[in-house]
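So the chains spell out like this:
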Amino acid sequence: MRVALLDDNLALGGQIWRAEATRDVNTAAARWIRRAATAGAKMVTRARVFDAPAPGVLAAEMNEGDEERRIELRYRQLLVATGARERFLPFPGWTLRNVLGAGGLQAMVKSGLPVAGKRVVIAGSGPLLAAVAAYLRHHGAEIALLCEQAPASQTAGLALALAKYPGKWAPAAALVWQLAGVRRATNCWPIAAEGDEVLRAVRVLRNGRETRIACDYLACGFHLVPNLELPLLLGCRTRGGYIEIDEAQRTSVANVFCAGEPTGIAGVDAALIGGQIAAAAAAGRPISARQKRARRRWHRFGMALDRACALRAELRLLAGPETLVCRCEDVAYARLASCRDWRDAKLQTRCGMGPCQGRVCGPATRFLFGWQDVSIRPPLFPVPVASLAAAATPDTGAEPAFEAVAGKNDS
Amino acid sequence: MSCGSLDVAIAGAGIVGAACARECARRGLRVRVFDRAGVGGGATAAGMGHIVVMDDSEAQFALTRYSQRLWQELRPELPAAVEYESAGTLWVAADEEEMAEVERKRGYYEARGVACEAVSAAQLAALEPNLRPGLTGALLVPGDAVVYPPCAAQYLLAQAVAAGAEVSLGSPIVALGEGRVRLANGETIRAGRIVNACGAWAPELTSGLAIRPRKGHLLITDRYPGFVRHQLVELGYLKSAHSLTLDSVAFNVQPRHTGQVLIGSSRQFGAADGAVEAPMLARMLARAQAYMPALGRLSGLRAWTGFRAATPDKLPLIGPVPGDDSLYLATGHEGLGITTSLATGRLIADLMTGASPSLPAEPYLPSRTLSHEN
Chain A
227 MRVALLDDNL ALGGQIWRAE ATRDVNTAAA RWIRRAATAG AKMVTRARVF DAPAPGVLAA
287 EMNEGDEERR IELRYRQLLV ATGARERFLP FPGWTLRNVL GAGGLQAMVK SGLPVAGKRV
347 VIAGSGPLLA AVAAYLRHHG AEIALLCEQA PASQTAGLAL ALAKYPGKWA PAAALVWQLA
407 GVRRATNCWP IAAEGDEVLR AVRVLRNGRE TRIACDYLAC GFHLVPNLEL PLLLGCRTRG
467 GYIEIDEAQR TSVANVFCAG EPTGIAGVDA ALIGGQIAAA AAAGRPISAR QKRARRRWHR
527 FGMALDRACA LRAELRLLAG PETLVCRCED VAYARLASCR DWRDAKLQTR CGMGPCQGRV
587 CGPATRFLFG WQDVSIRPPL FPVPVASLAA AATPDTGAEP AFEAVAGKND S
Chain B
108 MSCGSLDVAI AGAGIVGAAC ARECARRGLR VRVFDRAGVG GGATAAGMGH IVVMDDSEAQ
168 FALTRYSQRL WQELRPELPA AVEYESAGTL WVAADEEEMA EVERKRGYYE ARGVACEAVS
228 AAQLAALEPN LRPGLTGALL VPGDAVVYPP CAAQYLLAQA VAAGAEVSLG SPIVALGEGR
288 VRLANGETIR AGRIVNACGA WAPELTSGLA IRPRKGHLLI TDRYPGFVRH QLVELGYLKS
348 AHSLTLDSVA FNVQPRHTGQ VLIGSSRQFG AADGAVEAPM LARMLARAQA YMPALGRLSG
408 LRAWTGFRAA TPDKLPLIGP VPGDDSLYLA TGHEGLGITT SLATGRLIAD LMTGASPSLP
468 AEPYLPSRTL SHEN
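Residue numbers (my numbering), protein chains in the order written: chain A, 227 to 637; chain B, 108 to 481.
Hints listed in this document are in silico derivations from the structure and should not be mistaken for laboratory results.
Source: prediction; values computed, not measured.
Warning: the hint list may mix true and false statements.
Just so you have them, the derived chain B footprint on chain A, three or more residues with Cβ under 8 Å [as the list claims (entries may be wrong)]:
#1 278-289
#2 564-573
#3 577-591
#4 601-614
Using N, Cα and C, we set each Cβ at its ideal position, and we do this for glycine too.
Take these sequences, add in the hints, and give me the full structure.
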């Protein structure tokens, strides 16, 4: 099979593996990327898929230094592996400088931001926080506190779920959840970030008691939200907030498969199994009983993880009337509170209509107000007008060139 | 609810329905507006918000000119969110034939008291430096303006409410006429008068309307303050928009209050759905780039579509429906609904209350196209 892999990052590996793969050739990440690279697949990095202009065609924006270029890729089968992004929730002061996404701070450190000797508070929900804490500590940061909003009883449920999975899977997942040497509090969440323009301190509520913690950075992430934009644009059905797939990772759209976080937030190993099953199905190979079992197991783990990271109702009350919810368009909470739904909010306040296209405030308002975002339209990312002007009239007679894998990460 | 005494039920909370509600409520009528979704969610949300005087016909001129005056009167009280900007329109001529059209248009407007000014190629380049070199000139109509339609509709509706109107959102109407409105939830509401202001969806509730949905695409860019200063429309627009059969695109670019650039326009009949169509979007943007090459470098944020309610003679349907004493229409505004909403509201209220019409109503009466047999 001729395979092309499109990714919007500079290098393969996604959010989680990117750095790891280049640091140590012996990691699983490095092995997988090597396998992909030597298997004859065409790697197209720095390519952001922004449209599916016709069935079997993807349009992507290639970033080559200062130049942006539109490419079109024809495929017979498509595997969507678009990953997930952090969920942010608005609270007073969350727009201060040095209040960042947990993954965002990690990415900045990867790009050279020095954090040695800096005090960092990490807050939100989910295992990603622990992974980021470990990474920052490794680079010399002092983790003042890791605040997990869920009560211990809720995360204990996850530990219990993990214990059910013997073998090599459990330790990897458990490792990121339980981080040795980091001060960690459950039942604890930020209620305000303080500072003039730059962050000075965070006030957190911990077991009902308010504490003020001086810090240089606040890294937040209230669990993850799947990147569903591309599969939704393709017309894939969802169920329970994820892309609906069958036993072979097939979506509701013919010849479109999906793997990884869009099908359920369950971490690296779940993504690996899902990807292998989808690839086998696409190639017409059988799926082994072991793979099927692992798939079911990781599906249950994902559900347990969602339960463990379920956001507490108090988090809906953090934003004050003046707190910005949409940073692109400067829309404060009070203006949204009178809107009847997401579309009404967009039209009346421009919430979600800025450059991030609602990727930040969309999930936040879904949690705060229960709004559903149903308007997925091209371009999926802002692209130069010239790229949109260059779309040719669809030529459906052309021979599909590739079986395509589309992965992308919001950075 | 007690619904026995509504004077006017209005179907559709777009800008036209909102303007009708405001006028009727201010004349003491008991009004309720219904919409299947929210305020201004149809063509109102999709439109550019260009307040423009047009001269396709005397009737179109009269309606747009009167509306433009109403907008200018309303301007001092409009909240900031409506983003009223006196941007003015530049009708851009690309050749001598179109320059002759500039002269004709100038003569027409001047004879009717609309301020305007013919602009040379050099002046045009100075007014809009991002236009390509080599254009022939333009007609500047400084009284034209730009608004943000969803908030304009919201404001008009809020004024209606202040004058006593009620609003039922998320209340789809499944049937109307003969003094009754039936909602999807089974409820029937009596009203002395009913206004169908459902835009391109009006035929779903009133049969026999000569209205066809005409799809349009728009694209908005990130913020580039000063990149465009006037609403720019090609005069070739007149040729292409006139065509009632073929799909067409035209260079039509607008500076938004935010510094964003709104790029149009396309016209299509017979579109299957509201999806953004890459080929049509590409045609539209290529046309825009032909006039304004630097647009190509701007970051395109979002694209969307909408459906205009198009009539065969390009005039709206405003007034009573023959054969049903209770039923009025306020639809068929095609691409001019934001501009002509205010005049439509006036006319509807005039006709209902028997007041002497603010302008001759005959050219817009539904009876001109409708052979109603109800």
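Against chain B, does the region 564-573 of chain A show at least 3 residues with beta-carbon separation below 8 Å?
holds (count 5)
Within the assertion that chain B covers the region 601-614 of chain A, do at least three residues meet a Cβ-to-Cβ distance smaller than 8 Å?
As far as the region 601-614 of chain A goes, the hint holds, because 10 residues have Cβ atoms under 8 Å from chain B.
Counting residues of the region 577-591 of chain A with a beta carbon closer than 8 Å to any beta carbon of chain B, are there 3 or more?
holds (count 4)
For the region 278-289 of chain A, does the count of residues with a C-beta closer than 8 Å to a C-beta of chain B reach 3?
It holds: at least three residues are needed, and the region 278-289 of chain A offers 3 whose Cβ sits within less than 8 Å of chain B.
Of the numbered hints given earlier, the model fails none.
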